[in-house]
Structures are given as structure tokens and as C-alpha cells.
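Enquirer: For reference, the chains in residue letters:
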Amino acid sequence: MADRAQPVSPRLGIGAAVLVAALIFGTLAAVALRAEAGRGLGSSDWAALRFTLIQACLSAGLSVALAIPVARALARRRFVGRRVLIALLGAPFILPVIVAILGLLQVFGRAGWFSSGLAVLGLEPVQIYGLHGVVLAHVFFNLPLATRLLLQGWQEIPAERFRLAAQLDADARAIRQLLEIPMLRRVVPGALAVVFAICLSSFAVALTLGGGPRATTIELAIYQAFRFDFDLGRAALLSGLQLVLTGAAALVAVKVAVGEGFGTGLDRPLQRWDGNTVAARILDGFWIVLAAGFLLLPLSAIVLAGLPGMASLTVSVWMAALNSVLVAALSTVLLLLLALPMASAVALGRGGMIEVAGILGLAASPLVIGTGLFIVIYPIADPFALALPVTALVNAVMALPFALRILVPRARVVVGRYGRLALSLDMRGWPFVWRVLLPRMRPQIGFAAGLAAALSMGDLGVIALFADPEFATLPLQVYRLMGAYRMEAAAGAALLLLTLSMAAFWILDRGGRWHAEA
Amino acid sequence: MKYLVIAAGILSTTAAIAEVPELTVYTYDSFVSDWGPGPAVEEAFEEICGCDLKLVGAGDGAALLARVKLEGARSDADVVLGLDTNLTAAAKATGLFAAHSVTADYALPVAWADTSFVPYDWGYFSFVHNADAAAPSNFKELAASDMKIVIQDPRSSTPGLGLLMWVKAAYGDAAPAIWADLSDNIVTVTKGWSEAYGLFLEGEADMVLSYTTSPAYHLIAEEDASKAAAVFDEGHYMQVEVAGKLAASDQPELADQFLSFMVSDAFQTIIPTTNWMYPAVTPAAGLPSGFETLVQPGKSLLLSEDEAASVRDVALDEWLTALSQ
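Here the protein sequences line up with chains A and B, keeping their order. Reading the first sequence from the start, the letters are residues 1 to 518 in UniProt numbering. Reading the second sequence from the start, the letters are residues 1 to 325 in UniProt numbering.
Just so you know, the hints here were simulated from the structure itself, not pulled from any lab data. Since we're looking at a predicted model, the values are computed, not measured. It is possible that some hints are incorrect.
Looking from chain B toward chain A, a few residues come up when the C-beta cut is under 7 Å (computed) [what the hints assert, rightly or not]:
| no. | residue |
| --- | --- |
| 1 | 36 |
| 2 | 62 |
| 3 | 187 |
| 4 | 314 |
| 5 | 320 |
C-beta: ideal position from N, C-alpha, C; glycine also.
For reference, chain A alone in the conformation it holds in the complex (with noise of 0.2 Å):
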């Protein structure tokens, strides 16, 4: 395999991904082998897989054209409270999905405050369920995740580009024309790929927003093999169905993305000539009053609803709490011993196969990997002791697409950029991985880890299946609040929740950056 000199050895990307994959299809293998004879795939089953398809690409098209003037924005501008809007800008991400539509409602639902402004002016409250609900939920998830994978691709950008572009006078549409439209042909596949993914496996939005039986996923009917029909036969079925389908979107996104990096900078700060007419100071405030406008709104509604709440959390809240946080903290560890072998293995061009792997983890039903473990792990252990351990890498291994999209660009950059000089001075494996890898992928590292937590600290997937009394998580813990009619205690514990996972991505978002430009 080795037939070309390089730094570090792919070997331990590759490994991980194989673990990856086995993950994954060994979980699906586990419940399809466990089937009894069931009823194969209805016509309500192809329903779900038209209905899944065009949500996905109508709410993966949207997310992604609106983050590019939003990233350009932000990436252009300096203005007080920058870093801590970008680090509010991924909260939706990480909510509870009925807090974060509960928030979502307070400010475009039927008696929100948009329909409320609306009554005042004599109009007509808007509709929010439906394919636009959905679609419209599905931005809110999703642009903050866009906005900030593109952001990156902006700051892999080496402001000595933009210096000299500027020397040469050059303005604004050619800059677009020489640097900006190549780093998007090379990050905007892979951002679309994601939150397609993601919306591929949606399955509370699209059942809450999407106002009935028309607005049925691949993921409910997934959910109502197991539970309703316990037809698990048909749920390996659809669940390898939905790992097509994200696979194809993978391989297709990698095909795609085409082009070389920058090159190397020296790390100066970025100056943005271009950016300085009148003209693009308006367009640049325009986006990202509407982008904050869009996404802090129902952030804020949430927290007035929570405010009340949070003096009567309980002790058990606060245990769900620790329980999220150790939880988080481990799935970050699993996440990055994961991904930083195969990001450095993809950089070192051996990609395709292993990218995919990496986004495979969006695919997955949660549903069916923790079904999958359980029947794996029942005959030898108990379920219960490794709930802690188990959730955690089920959690790193669905933050692992994200992370990847994060580190391949960088990784590659600088494989490309100081490979040949360390292996002219003969440092190789572990002393380049320790001075030169590590180093100038800090915030790309520390990016890739805070979202990791945050995501982590949200989950609800595989904790149902494996959750006793004595370890709930904190989302676990606001469903619980809820079905005892405790909506006020609820709306507390989501605050928490919300204020945790932002608290864990800030700290390891901001590590990652300690003294570098951001």
C-alpha cells in the first residue's frame, strides 16, 4: 500500500474507519440476523422514501445557499460579540429537537410572535406545518452548521491571498472570481452532503412540523417497525435503505468537491480590503442581522420559558446534568482518537472509502445501532452497566461525520504544505503529529470537539434503550419532566441543557483558538 514516502502512516485512520463501519453494519447485521420473516417494504415505506428525499434536498439546498452570505459576512466583518454569536449560532444544533420546536413555535407559530405581529397589521397568522414547516425547522437546525463549516473553509483562506489581491487592486467580484468561488467548489459539496444526511434520518421535525401521515420519514417507519409492528427484519431493511441512500450523497460529495488548497500562510491576521466599500457593509449587516435574527429568537424564547423553571430543578436534574457532562466528555475523547487518524489518512490521499465511512454515522438510525448493540452486548454483559459507555461512542461515532468535514481540509493543507519539509528532515510518525499536524489544527481540532460535546450533551438516541432509573441524561431527563405534566420544571432543565452544551462548545471552540485568529 505504501508505495509513497509519507509522514505519518495512514494505518490508524484506516483501522478506525474499519471500526467505523463495523459499528455500523455489524449493529444493522445484528438486527436483520435477529428477524423473524416480516413483511418487506409497503407502499407507505416508498411514501416515506419520496417524502425523506425531497425534504432533504429542499432543506440541504436552502441551508447551504443561505450560509454562503452569511459566512461571507462574518468572515469579512469584525465587530464586538463576533465570537460569541458565532458560538450562539450553533445552539439549535444541539437542542433537544421538541425544545427547540417549542422555541421555534413561540416565535413563528400559530399564536407566536410573528403571527402576533401579523394580527396586529390585520393579516392572516402563517402556517408553519407542512413541507415549509419542515423545511423551515430543518434551516434553523441547519444553517448555523453550514454557516460554520463554510466559515472555515473562508479562514483556510491564508490572508497573504487576500493581501496580494489586494496589492493587485483587485475587487471585490474578483476576488469572488479567484479565491472565493474555488474554496466553495471545494467546501460546499461536502456541506451539502452533511446536512442532507442529516435531514435523511430526521424524524421528530418531520413528524411535529409536518402536520400528518403525508409528512412520514424513513425514520418513523423505521420507528414503527420496531415498535409498533416489532418487525425488525423491516427495520434493517429500511435502515440499510437510509445507509444507501446517505453513502451515495457521500461518494457523490467527495466526487464533486475538486481543487487545491491555498497553500501555507504565515498565520497573519486576516484584512478584508475588499470589504470596505459602503456597499458591502450593508449586504454583509443585512445577512447577519437576519441570520441572528432567525436563529436567536427562538433561543430567547426559549430561555424566558426556562428562566422560571430553573430555581425548582431538583436534585435528580442536576444528576441527569453530571450524567450529560461525563457523557460529553467522554464521547469528545472517542471522537477525536477517531477522527484525527482518519483525517490525517484522507489527507494523505486515502480518502473515498474512508470519508464515507465517516459519514455513515449520520445515516445510521440511532434506532437500529442501539437495538443492534443491545442484542450484541445482552448475551455477555449487562445493557444497564454500559449505558455510560455505550452512548458515548454511539455519539461520537454520529459526530464523526461533522468532525471530519472540519478536519480533512485543514489536515490535507497541511499534509500537502509540510510533508515533503519533514520528511526531508527525516520527522516522521509521532514527532510530526506532535509539532507540525497537531499545532496548526488547533482550531480545527478544538471546533471539531466542541461541537462533538454539544452535540453529545443533546443526544437522545441510544440512552432509551439502555437508560435505568439511576442514569438518565439531561435530554432524557426534560422528556420525563414533560410526560409528568412538569412543563415549567421541563422548560428549566432544557434551559440547563441549552446553557450546558453552549458552555462545553464554547470552552473547547475557544480552546482550540487561544491565541490564533479567529
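Since the structure of chain A is already known, use the hints to place chain B on it.
Expert: Relative to chain A, chain B alone:
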């Protein structure tokens, strides 16, 4: 050496605990929450059983059954608590449940003669609305009105399945027409009860599918009389929640003791203000004050478990077809 002593100490304590028999009960999530019946039930039963009662939350009623099927005869569970009569036929078909010998003076509106499952509480499904709004008095009136409702998906929640059975029990072959007329009243369908009730409280709908006992929570726990349940003259479908003993239980006597305890006063007095349902056996002290304000349906509807099992798939298909138009 010191570590060895400590380790020995820990080992001997665990050994001491292990001598106390452990009874594992699988139930739904809200049962084990701090405000659910779980903590009080655990305390009351451990006082009399000389055992360690372990309540394990596993999603909702349907998820419970899936979990038991998944674990099969090797399950750690001794008792499963939280199935309803729409699920008991499927549960019996697994052959995993054992017969019981519990008898009690049930306060259910229907006769109970099931030999596998013991009921512990029950309630009427009902649409809950704001007390100041006029509510329709049957499904046809609801369908003709412009009232907006939130319901739960029958494929993922027991109340959702209950509504399906309600319409089927009330209208039989005419159920698809009712659903077709109702479709423009349905704001949305949610995965479970929590989502639906949350949407209703946010003002997204005029009514939500819940129970006639839901207003009791607001009244008793929050001193808020602003919620009411609508009475429908077709009758109200009942949910009877039951528990059963697993045949493969390694604590069969304790499991029997638990089932008997479940219909005793100690357990039944906990139910009304924690699970917010009617107790299966009226406690000696009667129902808590506030329950007398609840509406009483004129007619109780309940399909037998075999009927429920046989119409389930048909009713689901009708529902899907009517609402997919």
C-alpha cells in the same frame, strides 16, 4: 494492604446487598420520574417485601413490549408494568407472560377477567381544551367546526393508538369518513404525548388528545382551573393500564406479591396524583379532592384485546389513507 482491606470491605457490602432479593420491574419513563408514582411505590413496597425494588424506565408502553420481546426469556425483568389493553394480545402471543391469581374489587367501568394481566389504573381518552372555549360534543361536531387539534401518531404512541381505537369503536366501518372530515382540523401529529401537550400549552391548537384526568393535574398541582376535558356523546375510549409477571422470572413469589400490592390501598392511593389516572381499585379514603370536578363520559368504549388486535392494522391503514389525501 490497605487497598485490599478496602476492596474486601466493598466486596462484602455488595455481597450483603445481593442477599436481599431484587425485583426488577420494567415500566414507562414517566412512571419512574421524580413526580411519577415510581419513588413512592418503591418506598411503600420495600417496606413490606424485604427486597430491593428496581424500577426500570424503557420508553413508553409500546417500547416496553418491544424491549421484552427483544430480551426474550432471558430478560432480567420480573414484572412488566405499563402495557394497555391494545397491547395485551400481542404481549400474550409472545408466551413470555405467566398467569396471576390476583383478585380485587375493581372500580373499572368494565368487568375484568384477564388471567395474565392485572390492571392498576385507567382513564378515558379525551380532548383537553381551555375551559373558557366552547367544546364540540362529538367527533362530527368537531369535524364540522374550525377547532384545531393536535393528536399523537398511533405508530409511535399509546394515546395515538387509543384515538384510533376510539374512532373505530364508535364508528366502525364509517371511521374512514370521520377521519377524512377531521383531517382539516388536525394541526399536526406528534411522536408522543409530551410533544402534543407542549404544543397545546404553547397555544398551537385549541384541543389536544389527552385524558379526562389531565385537568386534575392543573387543578390540584398548579391550582389552575383553566383546562377542561370535552365530553363526547359517542362515548369515550378507555385506556386500562396493566402489569404482568414474566414466566421466566427468577423471583416469582416476589412478583406475585408485587402484583397483589399493586391493587392494594398503599399503591392505589399513590396513583391519582402522580400518574394522573383513575386508580383501578378505589382507595379507602376515596379519590383526592379535585377529582370530583372531572367530567364523566356517559358511555365507556373499550374493544376487547382480541378485537383491538384484529382491527389495529386495518384502522391504521384507514387512518393513513384518510390523512394522506
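Enquirer: For each hint, tell me whether it holds in the structure or not.
Expert: Hints, one by one, checked against the model:
At about 5 Å, the closest approach between the beta carbon of residue 36 of chain B and any beta carbon in chain A falls short of 7 Å, and the interface hint on this residue holds. Hint status for residue 62 of chain B relative to chain A: holds, with the closest Cβ pair at about 5 Å, below 7 Å. Hint on residue 187 of chain B holds. Least Cβ distance to chain A is approximately 6 Å, under the 7 Å limit. Nearest Cβ of chain A to the Cβ of residue 314 of chain B: about 14 Å, over the 7 Å cut. The hint is violated.
The criterion of a C-beta within 7 Å of any C-beta in chain A is met by residue 320 of chain B, whose closest approach is roughly 5 Å, and the hint holds.
Against the hints set out earlier in the document, a violation occurs for number 4 only.
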